[in-house]
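A.B. asks: Protein chains in written order, with this note's numbering: chain A, 1 to 503; chain B, 1 to 127; chain C, 1 to 124; chain D, 1 to 89; chain E, 1 to 932; chain F, 1 to 161.
For the record, the hints were derived by calculation from the structure and aren't laboratory data. Be aware that one or more of the hints could be misleading.
What the hints assert, rightly or not - Computed footprint of chain E on chain B; a stretch qualifies when at least three of its residues, placed anywhere within it, have a C-beta under 8 Å from a C-beta of chain E: (1) 43-50; (2) 83-95.
Said to hold, decoys possible - Distance condition first, Cα-Cα at most 20 Å in a straight line; then the derived EDC-like pairs of lysine to aspartate or glutamate: (3) C/104 with F/140; (4) B/108 with E/713; (5) F/125 with F/102.
Even glycine gets a Cβ: it sits at the ideal position worked out from N, Cα and C.
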Amino acid sequence: MQHLSIFPILIPLLCGALMLLPPFSKTLQRQRILSVIGTFALLISSAFLLHQVMMKGVHLYALGDWQPPFGIALVADPVSTLLVTLASFLGFAVMLYALNDHDKGGAYFHPLFMFQLMGINGAFLTGDIFNLFVFFEVLLIASYALLVHGGGKPRTQSALHYVILNLVGSSLFLFGLGIIYGTLGTLNMADLAVKVGSLQGENATLAKTGAALLLVVFGLKAAMLPMHFWLPRTYASATAPVAALFAIMTKVGIYSIFRVYVVIFGDHAGELANIATPWLWPLALLTITIGTIGVIASPGLKTLTANLVIVSSGSLLVCAAIHSAAATSAALYYLVHSTIASSALFLLADVIARQRGQAEDRFVRSRPFMQPKMIGFAFAICALAMIGMPPLSGFIGKIMILQSAHTTAESAWVWPLILVSSLAALVAFSRGGTTMFWRHNGNSNNDVNTAKPLEIIAIGLLLVALPLMVVFGGDITDYTQNAANYLHDFNASAYDLLPGVTS
Amino acid sequence: MEGIYAFSVGLLTACGVFLTLRGRSFSVVVGLTLLSYAVNLFLFASGRLKLNAAAVLGRSEQYSDPLPQALVLTAIVIGFAMTAFVVILAMRARADLGNDHVDGQVPKPKPPILQKGNTTHKAGGGQ
Amino acid sequence: MPLYLEIIICVLLLIGGVFLLLGSYGLARLPDIFTRLHSPTKASTLGITGVLLSSMVFHSYQNGSLSVNELLITLFLLITAPVAAYMIAKTAIHHETPPLDKTKNAHLVSKIRDRQAPKENDEA
Amino acid sequence: MLNWTLFIVAVFICIALFLNLWRLFKGPTISDRILALDTMYINTIALILMYGIYVGTSLYFEAALLIAMLGFVSTAALCKYLLRGDIIE
Amino acid sequence: MKSLIWLPFLPLLGTLVPLIASRLSRTACAFLTAALPALTLFLVLSHTEAIFHGERFFASIPWIPAIGLQLAFRLDGLSLLFSILILGIGLLVILYARYYLSAKDSIGKFYSYLILFMFAMLGVVLSDNLIQIWFFWELTSISSFLLISFWGDKTEARKGARMALTVTGAGGLALLAGLLLLGHTVGSYSLQTVLDSGDMIKASSAYPIILVLVLLGAFTKSAQFPFHFWLPNAMAAPTPVSAYLHSATMVKAGIFLMARFYPALADTDLWFMLVSLTGLATFLTGAYIALFQHDLKGLLAYSTISHLGLITLLLGMGTDLSAVAALFHVMNHAIFKASLFMAAGIIDHESGSRDMRQLNGLWKFMPYTATLAMVASASMAGVPLMNGFLSKEMFFTETLHQASLGSLSWMVPVLATLGGVFSVAYSMRFIHDVFFNGDPINLPKTPHEPPRYMRVPVEILVALCLLVGIFPGVIVGHLLYAAASATLNGSVPSYSLAIWHGVNFPLLMSIIAMCGGLIVYANRRHLFKFQAQFPVSDPKLVFESAVQYITRRASQFITLTENGSLQRYAFLTLLLAVVMTTIPLMRLNATAGLRPEIPVDALSITAAVLLCLSGLATVIWHRRRLLSLLTLSVVGLIVSLAFAKFSAPDLALTQLSVEVVTVILLILALFFLPQKTPKESSPRRVVRDLGLAAFVGGTVGTICYALMTRPLDSISTFFTENSKTGGGGTNVVNVILVDFRGFDTLGEITVLGIAALGIYKLIARMRLYMPSGDYQGRPWAEDKHPMLLAVISQSLLPLALLVSAYIFLRGHNLPGGGFIAGLITSVAIIQQYVAHGVEWIKTRIKLDYQIMIGSGIAIATLSGLGSWLFNRPFLTTWFDYFSLPLIGKFELASAMVFDLGVYLTVVGATMLILANLGKLTTSERPTQQEHE
Amino acid sequence: MRVFPMPFHSLLLFVVWLLLNNSVSAGHIVLAAFFAIAIPLFVNGMRDEHPKILKPWRAFRYVLMVMRDILVANIEVAWLIIRPIKHLEPGFVAVPINIRSDLGITILASTVSLTPGTVSAEISKDKQWLYVHALHLEGEADLIHLIKTRYEAPLKEIFGC
Ligand code: NA
Ligand code: NA
């Protein structure tokens, strides 16, 4: 299976293309079948890739048979593969959910979904910084299109902001890439990492400006303060499956920050070593702060979840700022956890909103649920996970972050902030949960939508992952530890990816 | 030459940024387009400027750096796709929201501040 | 390059350059949109033809074989320039742009705008 | 001689371009401006061809051809917009 | 001793039992539910003997070593004591609840939550790992939340549960921080290691922080002042819950924590100060307030607070026997308070009220229950022969021995006695006001004795009160010793558990308390009157309004910052970008580098001036939209000229064709958008934006110049060297696009395709405003499709297609390629749309643009997949030269197929966008009035 | 479907391909032939019916004549531009036209725009009148006569209507 590492990109790409062609383009039913098969195949191949990487180590795939640094190379390493698997898992679960007629609110849901997955997986796998830009654009344009799925004023409004801001971001990305290429003369990330170490004087100064711009770009994707504004409305207004899939979008920005500022501008970058750190610290902490305030202020479940996504982004940025293997390991664990949990919560919010009639997902008195036990149970799991309370995965991630932050001088800020953000989430969830589940008037209306089996399966699939992440926490943290060590090991993450170049 | 080029890129960027910060979707789109011109020129310049050196083998003694050109090409296409999308989205926003302000609602104009001693002000001519 | 060729090229270029300049000069100078329309549609077509011909000669010499692809540009321009001018004139008339005061038969403008036939007695 | 001629003609065309721009800015009607833009396309074609002669390459021919083709399309579209508003109806 | 691992999990398994068994009868359900806890209790008790002999049991399996969490349990005296309380009282509560809960309450759910809580609590006391303690600690918060809010449809229950969760949750987080710091300081999260490192911990600089954080956890959980307010509000829970959680177990978790970490954290001045003062304050506050409660459960709740304060005070005093006394009182309090709660529950259950102003003279109706309650109350008051008396006596003794307040230490016994006074008073009230004091007033039901088995738990507990009170040594001596030994991590000072120590000072204090209490109760009316002068601040309301205040302020802040203004967001983004870039840039010594510059020529100056003027004009005229579009076109034109000039013909071609399509799109948009932009930016904003724009532009220009004037050593020579030999083409840019970096191109056309799909989606439900006239109000011209344009366009189409074929075919070797060709084709077709309209085209052209996009992407991908057949990576190209008679030598390359995919996608995407946009207006033009 | 639905266009395409490539090599002739057949087949549906060129030779002569006229007209116009504006006497003229086919009218209008100091401004709805703007209108009748005889007549001949 020498081509395995490109499967996560090609499967959704081909599925997406096929859906535009007869016979699949003719009926939604056929597209659904292809979607399920496609996402499942994606999941299987990602999992298999993960297994291969665990067994045999990093897999370098030189596209077009052009060896790095000249051609574009895909790098299936413990970090990227983990994220690809996560994205594929999310894609599969969310797709199951979407099948319950959520794909009917407009044309091309299925191909767009596939392309979105392709973009995400590509961004994770690529080892080339310009190719990263291209995949960013793939996932962005797909997300723009998916965002307006279902129509309606709020969606259009938030999409406009989202799109324009990201277009500004893309411009900045290209400025940054121009500077990077203009000073280093290469695009392969490993090659950049090797070359940046020898930059000196004015070239180094110029390269710094490029690195700074890239941080802004990734920060925008990751909803780093002051570029987080777009997120709450955008996520809250998106259709449920779209919002659920978007849960991983901020993580692409986070991932890029780790990839770029650990490997390229990391400890070995000479004059450019760790240049992001002084910016990341205050911005990350402020991101948590503002996310926390948002959590408290959230009037409804979707906004709450969106703000929690900001908090988790902030926490992950803190890990990036700490800049140690332990922190990276914490980030990887926390990232997987928070993605799954927020995704599940977005889906659940939709189920909740549908059953509560006019109240939707807002924390106000409403008619009772039709499936209170099941929904309540799922809600409790999501809430506990998001707050970071035992027995669900959130607490492990949070503890890992706290522990890794302890070695830094900034821990006096990190600890209280992260703990207070947990408390805020606790307050918000207990307020929202008690209101939604227990403050009722009228009777449940039997005409409204109950959660359908596929929806339940989808949410269940995501939710099952959370306790499993605790039960198998030892193995998973072992894995993230290895992945983090790999990322921080300059020989492994740079020189080994450049056949013909040795340290 | 490089100076002129850089100045032009800077000016285009400034123009693009200013328009991007306006409140109406059309201006913003025009601003983004200007910005993308600037970006493309900038990215192109990262391979340094060369005259009479098109990267077509056998056509000249030296070749300009083909890589940024390929990158700019990709960037142009992607930029086009994005511009197209945002243009239509702006139309859609106008259709859905009833106006073309990027925030979906026209901000209420602030009442003019009357200043003392401003004799030319219309409000002063009431007597 | 033989001198005669160089002279031909230079003359063609100069003709082209002069006409192009004249065309743009007319555009800038002439008093109303209708008169301005003339200069680019004509002067510039000739001007560009001059430049194209010189380019043809030059490249034919340089490549050592006949280089005639520039003719295609001329072809395109000859096909499109009148229609472009027509469309612009149509726009100007639609916008009720007043022609120069001394324009003869200025009353026809309203007929043109409505694409009607001129009255019989107008021709007399 | 060729270089001198090229220089002179280049100056002509530069002046022409400035005149076009002046008309474009001045107007007064939108038709004038479109006309100015259209003329500018033509002058640009000349400029590109001359540059091709100057550097002795035919690589820029296609650019000139494209301007000739596309300039018309955009002029037509602009006029159509002024006439009908909707250019594709 | 691996079975210890499974011990706490038996109840966890047990949470499922009631859910399943709830279909059976309530009694069966209760018994089945009780089975596993009973088994657990049995297993725990089976270790008793060994533990009494000083043994401790440990068991662990690794879990998540990365965070120092391992599944580690220990069973020593302290855990034994608490385990017995948890399981023993738990079993009684199960029995009691069987009768307490009404038919409409889901008993299965109740039992399930209860057992979950039992599991969590057991986990806390059995843990031998810091993080694991916290793990279970938080579980107790969660399960208690579920229990308190069992009647969630009542506002009281929701608010009470929320408050309890918030306060204990906050404490839990502080505890987590404390435990993490503790583990970090010690270097291990193993509890035993931590307990053995007391000196090192107390010497470390982190000790004060650790202590404060851990105590915060303990104090919130044990309702210590000033965190005590949640406990009375948690009384909204069903009474079995109050009996179990809020008297016997959960609130004792904080006490347990202090006891557990006694060897590690206690015995410092800071500990004494914090713990004893908090305890004292809580003891007094609780006792005082309890007297004024009219709610039976309220009285018990405050009494609980007071007793917890007493225990805390004991733990804080640091005298020889204070810890032993504390543990003894934990036991005693659990017994008498649980029974009191149960009694209160019976009263509530059988009379329908808990208000002591209504409840009077119940003796007549339920003498048996009254007797039980009175015995338990007497224990609470510290009457001799009751277990409460013993521990209170020990407490008084220790207050006399402590010196925690220095020269003010004498105040402790005085205040303790004062607390005792109030304890007696409220205990008195519980007995007198409920069972005597006249007749009941307006009770909803006529009271009577409860069902037989509802009394059993109370009977057992009351019996224990007496047994312990009379035979302390026999009943609990060993247990207490073992617990004390575990708490102190070794040596236990000698003490005696006799009921009579002779006439001494503590006895005097008891007598004072007893008499004082009676006096206070007798004169309670004056006291009530006095207390009534103070404004009543319900902690629940205070808490709620505090939360609401914070929420409101947060909302205000969010609406202020996230005001939905894109202009602000974009401004901030750009500002951050420019600030971050200029800071390093300022260290650049000289803008210009050493690379020689290209000399300036007239043409370039002209182009630059045109570019700049047009750019500025676009800005200046941005409110006159069509004009800005014209100047924008000029900018685009000059940009493509620049590409041509600086040796990038491919770029020039692409830019030109993209430019036209963009302009057409913008013209389309112009029609559907308002024609003009109103002037609405304030001068200040304009200046601000101009400033930022200039800042950004200046930075970009500077960097651009600095880059261009410095030499670059890049990888690009590889491409020029390998383009022909490896990629089979002489146009290096194109070879990069279709071969070296074909993957980028594949992504790029995917972007284009997606954009088209997205746009189609946007258009699908669009309700357009179609202006009936242009911006000057002029009606549109009638001539839809001018004949000249139509005819000419028809003849242009084949030519344009030919040109695009030409551009396509030459791309690999000369400027051109699939993308430009595709755009030319699209423009040619668009031209037909402009000239003829959608209807005309629809009947004549049968292209499915969506299929073109799909097949384009598919073809490009499949051309890349072809290389798999030759065992090469994706997108590996193949090319070769062939020769045919007549035609001569020619090249075939797989890159051409790839380029074909590009071509198809471009045409499909562009046309899908434009043609569909056009279709919107075909059928008829409903002239919709502008809304502005 | 015929192989050459648009023979004139096929020819044009064939020539243009060779022009574009500056080559008459066998390979390019094959390609030219291919496109000359393929493109019209594809485009044929996108065309309104137009009259055939009945007299190709006459058409060729017409083209040559127009080219000569363009040269002359351009010089004339150039002169008019440089001259003081006050001498300019612009004016509109309505030219009655008899040619009936759209293609014919279009070619006529285009020719008029390209040649004698005139720009076609509009064609009346009934396609009976060609409105022309002349830069320097001295004799209205002369101009009408010139257009009708010099351009319209040959076009009618060429297309036979
Ligand atoms: Na009473
Ligand atoms: Na004419």
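A.B. asks: Under the criterion that the straight-line Cα-Cα distance not exceed 20 Å, is the pair residue 125 of chain F, residue 102 of chain F satisfied?
C.D. replies: Holds, at roughly 12 Å.
A.B. asks: Are there three or more residues in the stretch 83-95 of chain B whose C-beta lies closer than 8 Å to some C-beta of chain E?
C.D. replies: It holds: at least three residues are needed, and the stretch 83-95 of chain B offers 11 whose Cβ sits within less than 8 Å of chain E.
A.B. asks: Could you grab the alpha-carbon distance between residue 104 of chain C and residue 140 of chain F and see if it respects the 20 Å cut-off?
C.D. replies: Roughly 9 Å separates the two Cα atoms, so the pair holds.
A.B. asks: For the pair we were handed, residue 108 of chain B and residue 713 of chain E, check the Cα-Cα distance against 20 Å.
C.D. replies: violated (55 Å)
A.B. asks: Test coverage of the stretch 43-50 of chain B by chain E using CB-CB distances below 8 Å; three residues minimum.
C.D. replies: holds (count 7)
Figure legend: structure checked against the earlier numbered hints; the only hint not met is number 4.
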